[in-house]
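Trainee: Residues per chain, in single letters:
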Amino acid sequence: MKRITDLSSFNAAHEAGLKKLLPATGRIAVGMGTCGVGNGAEGLYHALSDGIHSRGLSFHLAQVGCYGPCSEEPLVNVWLPGKPLVILHKVQAQDVAALLDDLSAGRIPEELALCKVEEWDHITGQVKYGSGLPDLPKWNEIPFFTGQSKIVLRNCGLINPGDIEEYLAVGGYQALYKVLIDANPEMVIEQIKAAKLRGRGGAGYQTGLKWDMLRKAQADQKYLICNADEGDPGAYMNRNEIEGDPHGLIEGMVIGGYVTGATEGILYVRAEYPLAVHRLTLAIQEAEERGLLGENILGRGFSFKLSLVEGAGAFVCGEETALIRSLEGRAGRPTPRPPYPAESGLWCRPTNINNVETWYNVAPIVVKGPAWFTETGSPKSPGTKVFSLVGKVQRTGLVEMPLGTPLKTFVYDIGGGAPATKTVKSVQTGGPSGGCIPKEMFDTPVDYETLAQLGSIMGSGGMVVMDEDNCMVDVARYFIEFTHSESCGKCVPCRVGLDQMLAILNRFTTGKATEADLGTMDELSRMIRDMSLCGLGQTAPNPVLTTLRHFRQEFEDHLRAHRCRAGVCENLALSPCENSCPLHMNIPRFLELLKADRLEDAFLSVVMDNPLPASTGRVCQHPCDNRCRRSGIDEAVNMRDVHRYIADSIYNGGRYDEMIERVLEHRFPPTGKKVAVVGAGPTGLTCAFYLAMMGHSVTVYENNADAGGMLRYALPEYRLPKSVLDDELKLIYKVGVEFVFNAVVGETVTLNDLSTMYDGVFLSIGTWKETWVYLPGTELKGVLHALPFLEALSKDEHVPLGKKVVVIGGGNAAIDSARTALRMGADVTVIYRRERKDMPAIPEETEAAEDEGVKYAFLATPHRIVSGEDGGVLAIECAKTTLGEFDSSGRRKPVPTGEIQRFECDTVILAVGETVDLDFLKASGLKLKEKEKMLDVSPFTLETSRSNFYAGGDLISGASNVSNAMGYGKKAARNMDQKLMGEFRWPRLWPEFEYSMVPPAHVSESGRHHIHELPADERAKGFMEAVTGLTPVEAMEETCRCLRCDIREGNH
Amino acid sequence: MDSKITIRIDGELVKTDRGASIFEAAKANGKHIPGLCNMKGLKPVGACRLCMVEVAGVNRLLPSCTTPAQEGMSVTIRSARLDAYRKQALELLLSERNHVCAVCVSNGHCELQSLATALGVTNVRYGYRYPKLGVDLSHPRYVLDHNRCILCTRCVRVCAEVEGAHVWDIAGRGIHSMLTCEMNRTWGASRNCTSCGKCVQVCPTGALAEKGFAVEEMIKRTASVERLTAVRGGGR
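Quick mapping for you: the protein sequence lines, in order, are chains A and B. The first sequence begins at 245 in my numbering and counts up one residue at a time. The second sequence begins at 1427 in my numbering and counts up one residue at a time.
Some clues are possibly wrong.
Stated by the list, open to error - Per the computed footprint, the stretches of chain B lying under chain A, defined by three or more beta-carbons under 8 Å from a beta-carbon of chain A, are:
(1) 1437-1445
(2) 1492-1503
(3) 1584-1594
(4) 1600-1606
(5) 1614-1623
(6) 1641-1651
Said to hold, decoys possible - Each pair of labels, with its calculated beta carbon distance range:
(7) P867/A x D1436/B: 56 to 64 Å
(8) D766/A x V1529/B: 33 to 41 Å
(9) A1615/B x P1244/A: 54 to 62 Å
(10) R796/A x K1430/B: 46 to 54 Å
(11) A1615/B x S293/A: 43 to 51 Å
(12) G1638/B x K549/A: 55 to 63 Å
(13) S1564/B x P1244/A: 50 to 58 Å
What the hints assert, rightly or not - Far from chain A by the CB rule (all over 10 Å, computed), these chain B residues:
(14) P1489
(15) H1572
(16) G1638
Hints in this document: simulated from the structure, not taken from any laboratory. Virtual Cβ for every residue (Gly too), placed ideally from N, Cα, C.
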């Protein structure tokens, strides 16, 4: 290797590098960062190498670092002369043959392409690849890169980290050369100061000021240290930076050494980064051989020695004083400051420590000047920051964004939001020292100050996205467990405080916490934060403080209801399915009982958990499917349809009466207490059933002539035949529930009457009022509301319906109305203002409706209903919208395009939501929630502001679904009984079953069995049930698919 | 340059030596800042965090043992927040190991105990950890009882800095930190221990004690070690 000692040898190396980067033969480069290698890039590289060799091709094959989108690995970039550089993604070894075929024929395999790069700004230099391939998006046109600005990652994934000439080709070491020729260190420090470059390790201290201090310090020896001890869970920015561009780091440090007067630098890299260590070691060697490091650099007389030390993996060694102690060979424990490292650091000499990323910013600032640097980012925090975007987003990877970019850009625009069917809940920034920011605050610009205000920190740049499957209590516990095990043990608050904090959090996640723990945890967090010796302890409570601040509800759920909604805290749930079920049905049990061919026991298990199993078996929103662990293998177990099968088999098999007797065996003796239930919908029926089972005398008041509520009057016959509902109601009658029909509470009987007549009252009147919409034309003849429409039909009343019907809305009521209207012979279009995936209706229903012939128009906001001559409807006009920014629910807000869309129709059905009868609520004198027009109840007992008055269902939650409603009824019964009887009798109600608690030796490999729909044209003709249940064999097969998550260690 | 500087402690103007820590400045003026790890003559480490004080214009608490007093500084050594935090720190220490005063040789002469009394620690809000820890009886004259150790490292420092033997150090990390003798030898097998007993005398609790004393009988002669370091000219 020739030493570079003057401009001509410098330029010669630069030219040599360009020949490798843009060889006349074309170039293939494989992304071989740790992320790429983990996804098979090594095999891919060898396959390419063998292929090129055996075919006698002349492509230049290179290894490069990671280009950023980790979820698209392995990445390969290919370049043919005159064409743009094309980034290929998810390339597998089996693609190699076709790839080489294409390339040797001068074709770019566009089907594998992610994006193209026509020219690249390496900041220190530009590379023009070529143009063409108009069908491919440019790199910054694909969502992952939109808005990204690559300063630190300027070379990553494009140049070979193992070849210094390629670094020189893109303008590398020019900044160093310039600094050495200018020989004006003060000016460089002034530039860094003017650029307001802040430390990228997390604290954000001005780098220029630190350098100035070191320059002014008088000593025989000064040191520079690069802190590459990146240890945050979920953060790997530094790893990829070093793996992709080691010389960028070296150049920054040599410049730093020259301007501060330090002649020795140390890279402290964590030993868990073997590839980074390897590439950096090679780079140091190469730079020394070329005279860019070591003695007499670039022949300008300056000498700088750089060595690499591998840290043993202690998180606390990211703390500068601990890092220095570690370098000195002592235990990695921090020491008090003062003295600061700038006065007395390594070996008691003045020392400056900067994070990896800070060093990467040096060369660009020197080359382009501070004014250029401050153009990017926010005024207080100029420049960019690299984040590792990981967790529950569709696209993960390394993202370099200007500081001050709002969080939602990261989560939704770049990351693409949560995977389908999930919603993002929060983002954790800064690792164990940071905090969790809830989705409501995603407008927050990401910079040092704003994150600190929210109780989090920027940290080194980890960004972990969490969705509804993440329990925030468990997240806090996880991070405290981490800092607890990484605490050095020197100071009391961190050593003992974190141990006590972990003990408290463990109590929360196992359901053993007390009310006092909530307060203790809060005050302990503050004490640890304010009293600890170093950054580790001072920031360790941040995850607890932020989750307590933003997700207090989850702590209270764990504490008071012993419930972990996310289903993460295993001690609080039987299994993920049970945890997700609003009725908390013991799903694994009934599956196992049916599997053992014990249909009657299975029915008893089901019906005791859920008194309307056949109805819910048909219409439940099945949240269990979303949580089933089987879906990690293929698809969720079809739990809903198995319990429908169990219930149908009993109702139709002639053994129902016998089973009713078995249920009644578990009824408690009469208590003499009287309870009134208002509303005979699913909520009221459930509550009445359990109260009657517990020996109370229950009377249900209902303003309709029959029981069932929405099940009877809103669900069309083809979804839930009335005969099924009637079968189920038989049990409720049999347990002794009395009904008073056609009774309007508030009119025929008042709440005060109920109060004097009964020991307890449960209100569940549901949401039967249509939401008022401001839309010109709603007064026209031919405009209907969904619920009255469905209700009238269920009562066999005549409803005049036109030939062309438009349904407005996207919920279940909209789809039910649409499918009903279709069955009445109309041509139906459903208009929804958002996208299809945002529709709240059950997806199976939406699809079934489409198969039957219902048309959809999405992104259309009703504007006005046009009247015809007869006072009827002529058409509806909608404002066409396009998707705008993400709102706090994580959905894109529809923005009008200005275009008006007209749908000719004669009937409009409004299904835009239902609300509670507010007049009733106001007259009741019960306390209401301030903003929402709902009843205010204690979330844990469901008791209203009036003693012994409880409420549940849609009345307190707003319009929801059957299983949620029934869950409230069940919960209310439990709490009402406890209040009435003064003891907790609930656990005694449940029959015991003996069943296998051994994990299945052979889980069925069969796929999910889906329900059987009648052919679309056939079912659209009438109101016969559209879906038939599972066959006995299918139901049995489904039970064999269950993985039995309810079985824990020790049970077998 | 004047060798004295003026600072304000809890509102009162006091004079102190230039270069003194806030802790020393307060002590020299008859003001007591609580502390368990700091000791005259030993290099301060700032480990117990009981001596944290508020300094006007600084938005975080500072350890008075390692923070030099500076001209014009205004220090608050007692406040509701500091009192609460100090109590919490003491409670954490009491919960950490098995501090059973009734059967301790240092009962009645223990710095941890007397500080807890002075600060009004009447109960411990945290769960006791009750670790199972050993007692090292292998030294002919002295005892090391890990159950009473608060990891203040006074013994470590006095042995390394004053006696020059460096018998003691801390092994492990976090809550598993333990005082260790040389490279994990028993005290009796130590090759460097001179049996000078300074570690025993500086130990604020009953963790290090002389053999032959029963409950309440072990009275430490901490002051004599302080005098010794003063004669040596060590420390500050």
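Trainee: It remains to establish, for every hint, whether it holds in the given structure.
Mentor: Hints versus structure:
no. : hint                          : in the structure
1   : 1437-1445                     : violated (count 0)
2   : 1492-1503                     : holds (count 3)
3   : 1584-1594                     : violated (count 0)
4   : 1600-1606                     : holds (count 4)
5   : 1614-1623                     : violated (count 0)
6   : 1641-1651                     : violated (count 0)
7   : P867/A x D1436/B: 56 to 64 Å  : holds, 60 Å
8   : D766/A x V1529/B: 33 to 41 Å  : holds, 35 Å
9   : A1615/B x P1244/A: 54 to 62 Å : holds, 56 Å
10  : R796/A x K1430/B: 46 to 54 Å  : holds, 52 Å
11  : A1615/B x S293/A: 43 to 51 Å  : violated, 60 Å
12  : G1638/B x K549/A: 55 to 63 Å  : holds, 58 Å
13  : S1564/B x P1244/A: 50 to 58 Å : holds, 56 Å
14  : P1489                         : violated, 6 Å
15  : H1572                         : holds, 14 Å
16  : G1638                         : holds, 31 Å
The earlier numbered hints that this structure contradicts are 1, 3, 5, 6, 11, 14.
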